[in-house]
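K.L.:
What follows is each chain in one-letter form.
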Amino acid sequence: MREVYVLGVGMIKFGRYPDKDVPQLGADAAVLALKDAGMSIKDVEMFVCGNLFQANAMNAQRILQQIGQTGIPALNVANACATGSTAFREAYIGVASGMYDVTLAVGVEQMGKMGLLGGGARSGGESVEGVLGSGLMPAIFGQAGVEHMRKYGTTAEQFAKVAVKNHKHSVHNPLSQYRVEVDLNAVVKGRMVAYPNTLYMCCPTGDGAAAAILVSAEKAKQFTTKPIKVACSILTSDPYTERDLTMPDVNTLTKNAAKQAYEKAGLGPKDLDLVELHDCFATAELLHYENLGLCGEGEAGRMIDEGRTTIGGDIPVNASGGLLSKGHPLGATGVANIYEVVTHLRGQAGGRQVEGAKAGMAHVIGLGSACTIHILTA
Amino acid sequence: MAAEGSSELRKQRPIIEFLRLPSDPSEKPYLAGYRCQVCNAHYLGENRVGCSKCTSTEPLQDVRLSDRGSLYVYSIIHQSVPGVPVPYVSAIVDLPEGVSVRCNLIDVEPDPAKLPFGMPLEMVTRTVRERREKNAEGAEETIEIVAFFFKPSHN
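Chains as they are written, first to last, in the numbering used here: chain A, 1 to 378; chain B, 1 to 155.
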């Protein structure tokens with residue numbers, strides 16, 4: 001496989017765009033990434049679009065209809081919340097395989113004010129939501145947090161500290177959907193959604209798009225002196241574990257992906273300068289500290305207590321504000337994480353810059369389940 | 001025509017396929033599952049093509065799962081879809097066969113201090129809603145939709 005570099009990234013501010021549609025949002029991000037790379041759509045040899053809720057709508061082609069119908073191979077992928085990162089990975093494989101020198105990945109989603117996700121009625125049957133427990137995301141990640149409490153004695157307040165940190169980071173991210181600092185008391189006393197996650201500990205729904213241009217080493221040299229290398233691109237699915245079919249196990253497939261990622265990149269957790277990880281709920285972030293090897297098993301609570309994952313700490317996590325503040329337009333999220341890491345590795349992250357960042361990780365989980373990890377290096 | 005409304009026909013129907021309601025009243029309702037005959041992994045619910053644990057595609061054996069279990073973890077749900085009363089406890093219950101089931105816990109307070117991990121639980125069934133339907137002969141009947149719940153077990 002060949003080395004692959006990120007030459008350009010683009011992202012629109014996450015929020016609500018009731019006057020635009022999915023192809024327009026995706027096209028906006030694609031144009032930003034092309035400009036950033038110093039390229040035109042005519043340079044792109046293959047294009048992958050990630051979008052979940054309109055996976056059958058040919059959005060890749062409709063984006064090209066907005067920005068240039070060059071007739072290149074274009075395809076559409078869906079992989080739950082890992083949709084955008086899976087699109088990025090397919091574009092990566094296109095270059096790594098030697099088949100293409102320049103590929104484009106777009107992640108885009110329009111959720112509007114969509115409410116709670118998941119669960120709902122079974123097809124052709126009775127609705128079981130709220131009768132046979134809850135299949136909605138807040139319940140799934142509430143239970144995952146309670147499992148961590150059971151195993152390690154983690155407290156609701158330690159989970160709440162994740163929200164305090166990420167909302168604090170978001171203030172410095174102009175593309176974040178919310179940019180409001182919230183103190184610990186407000187998070188803990190906030191409206192309970194699904195124990196132990198209160199309102200401020202749940203990501204919002206919204207619209208957004210992000211894009212990336214991936215190129216071969218030779219192509220990168222022609223366009224920049226500071227290319228960002230994709231040191232690994234990993235995708236795992238959920239292996240059999242005891243309760244996975246009843247209570248989605250978000251841990252094992254992340255641990256498997258992390259192990260492969262570090263091996264492939266030839267780096268360890270201590271070599272990372274920043275991590276963007278999948279904090280769809282505050283509980284999830286602490287689990288992933290351990291799953292990604294940022295601390296030992298059972299040490300995540302102490303890690304947040306000691307402030308090690310705040311900007312300025314030894315391994316800043318979710319400097320962007322995370323999904324909790326930046327927003328989580330499902331298909332856009334995976335590419336937006338790449339955007340954030342690239343921005344830090346270039347030293348362009350402004351008030352939230354992790355100083356001297358040389359290596360960063362982007363991690364995404366899609367329930368059902370899929371996990372992607374990309375490690376990028378300057 | 002003459003029969004309409006004159007005699008009440010009532011039937012019970014499980015809310016989900018794997019809850020079995022035996023017609024013999026001396027038999028208790030139970031949860032149905034399948035067991036891999038190669039590695040003994042147990043699964044809740046419908047029959048499967050193969051075993052996701054050991055990858056065997058030998059036919060699985062249907063089993064009647066235990067109506068006793070223990071509380072693994074839970075969440076207390078305060079916000080739900082319209083029509084679902086809150087708060088309630090959504091729980092993961094471990095059964096002795098090594099399979100877990102998701103359910104509502106009843107006869108408990110929705111308070112973490114009152115929900116000890118490992119608490120012994122037992123299954124009960126209740127009618128949760130009713131539907132009026134016409135049967136094959138065209139007569140109206142009332143269908144009781146029956147769901148299963150777990151509650152603290154004191155024996």
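Hints are supplied without guarantee of correctness; some may be wrong.
Pairs of lysine to any residue, SDA-like flavour, derived with a Cα cap of 20 Å [what the hints assert, rightly or not]:
id, chain 1, residue 1, chain 2, residue 2
1, A, 151, B, 115
2, B, 134, A, 126
3, B, 53, A, 243
4, B, 28, B, 113
5, A, 113, B, 134
6, B, 134, A, 125
Calculated from the structure, these hints are not laboratory results.
K.L.:
Which hint numbers does the structure go against, in order from smallest to largest?
P.N.:
Hints 4, 5 not satisfied by this model.
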